[in-house]
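Trainee: Sequence:
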Amino acid sequence: MTTLRKAQELEQSGDLAGAVRLLVQAGQVEAAVRMLLGAERYRDAGRLLLQSTGVSVAGVGKLSGEGRRRANQAATCFAKAKDYELAVALYTALGDPLRAQSLEAEAAEHGTGVRRVAAPTTGNSELETLIAHKDYATAAKLAFKLGEHEEAGRLNLRAGKPYEAAICFHRAGNRTATLEALTRVGRDHAKYRNACVQAIQLASDLNRLDFALDQFLGRFVQVKPSDEREAAAFYRLSQLYRSQDFGENATEVLQKLLLFDPAYPGAAADLAALSEEAKGSAMVFKKIVRDDAAFRGAGWRTRAADLGLPDLPPLEPSEPRMGPRGTRIDSALNGSPSAPASGPSGTRLGPGAQRPTRAAHGSDTDVPTNPAVHQSTQADGAPAVAMALDALAPGSVISERYLIQREVGRGGMAAVYEAVDLELEETVALKFFFLASDGELVKRFKQELALSRRLSHPNIVQVFDIGSHAGCKFISMELLHGKSLGDLAQEGSVPRGRLLNYLSQACAGLAAAHAQGVVHRDVKPDNFFVTHDDILKVMDFGIAKRQSKPGMTRAGFMAGTPEYMSPDQITRFGSVDARADIYSLGVVAYELLCGEVPFSGSELMEILNQHLSSKPTPPRAFDPTLTVELNDAVLRCLEKQPDDRFQSMAELGAVFDAEAARAGD
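Each residue of the sequence shown is one higher than the one before, starting from 210 at the first, in the numbering used here.
In short, the hints are calculated from the structure, not lab data. Keep in mind the model is a prediction, meaning the values are calculated, not measured. One or more hints might be untrue.
List time: in silico BS3-like cross-link candidates among lysine-lysine, alpha-carbon distance up to 30 Å [said to hold, decoys possible]:
1) Lys-215 to Lys-682
2) Lys-271 to Lys-291
3) Lys-343 to Lys-291
4) Lys-354 to Lys-289
5) Lys-849 to Lys-824
6) Lys-400 to Lys-433
7) Lys-354 to Lys-343
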């Protein structure tokens, strides 16, 4: 049940205060305001709006954007509540004297005098002078002495002192602003760990868990607690993660807690419960990949069904045959068949080549758009979900937040829509997953989404939020416009310098993922998207990505795309590190520079054996104009032993940067 639905039920039961409190704690201030306005509680709505700006009445004149809009709304609410004094003060501070005078006249008609806000005191004049000279730190101290605690908090933020700002907001009783200030405290700040403890307590009280908090706590939870106070915070954080269905995160925190105190009350039992919940997740995970792979090869099965032909019994070849290059495989080493991707085979990249199409979040979807395939390829219960999504016409509003603009594309596992986020007033992509009837599948989806939300970088597609509609889960993400790197390269008209720049950007995005302990494991041209502004985005962090986490991948399970898989990924998929991605990016670089991948074939094992034992042809054999340094860098990426490759994406990215500068545009 969504927070809004719970709040609506509370309101219907007569507990308006409880409903508003729930919405505010969830950060849904505007929904709370609408509820108060519906009950004609105008004064309370105005107070909530003013509080959400984080400043006092005297400070609203300095607001802009959303803050100023809310201050104006607050003034309107106070006017409707006949609280003329406060409404006039707000309009005056906002620089709207006409409305202020109009309300004064209205107040006089009602026999109510309006006391004008007194002129600034000497202290306030001094404060304004300090602000004018941008001496925010001193101004913050003065504001605090004057009792303007929220103003002091805001000034401390402008002075780059988030910890001090948090103290001020706490004194003002603004818990949301306190938490937000705490999450800005630097990891090298002397009070960082204390800030983490306080942030966890506030987040738990507010039942609030977002990307900023998760990122902020990253270093804090990397080591075990140092004292009982931190231990209590660790346990409280584990409960918060569990309440939001982020079992992996809760497991990590509990493991660290038990290193500090193996007998910490409740920790061992919670960890055991999480372990039980995770059992069987590998099979669920496998199902996601299998269904996705099955969809890719479903075109010919659908055509056969159209002719009324019965399904053939499954064949059991001694070795699975390969579909078109670029197909991801699922457990090919343990005998399960791999489904081909749509599109003809071939190893050359060049103008006119038919690469299996993948769309990006901005203009296309990352699955084919043939709705006829739904029935035979979706997870159990998915056809009904897909039919429900058919009703999402332009103009529909999802979760009282997302205004549907159009369907971008649809496939067997997902449908993608362009929508407007009414809260943020931004256009986003909504990706709906057909996982309706499989509770374990939904749980797995949430766990994998938690991973995507940890990654924030200009070269990584940004995932914003998760929601539910018509019985299926959806994620909101950054809306992009452009083409995949594979499509651009196949057009054959991209200058070498620009391709090298794209590779450098790929290094930057993957380096950010590696810094969070995330290995991509499916690096290939179709998982890189280039926007119209020439910004490369790394995509598809949704399958088997967490590095060295128990339960995420099991023995005998492998996912990836054969032409791009490292030897270590082939032989020990579950324990690979960032250097596996370096190998795969080396394959991508080889393909972009030479026009074909280093290893190819019609049989799966043929390709895998080449990765394990064959030497690639040097890139300069295809193009003698390549520099020796670039040739050697690509070959170094393709070394069989991880220790012989580049040891970080930053190191490799520096080479691509230098070569891009040398090549020009």
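Trainee: If a hint holds in the structure, say so; if it doesn't, say that too.
Mentor: Comparing the hints with the structure gives:
1. Lys-215 to Lys-682: Measuring from Cα to Cα gives roughly 18 Å; hence the hint holds.
2. Lys-271 to Lys-291: holds, 25 Å
3. Lys-343 to Lys-291: violated, 38 Å
4. Lys-354 to Lys-289: violated, 34 Å
5. Lys-849 to Lys-824: holds, 9 Å
6. Lys-400 to Lys-433: Given pair Lys-400, Lys-433 holds - Cα atoms ~17 Å apart, limit 30 Å.
7. Lys-354 to Lys-343: Holds, at about 18 Å.
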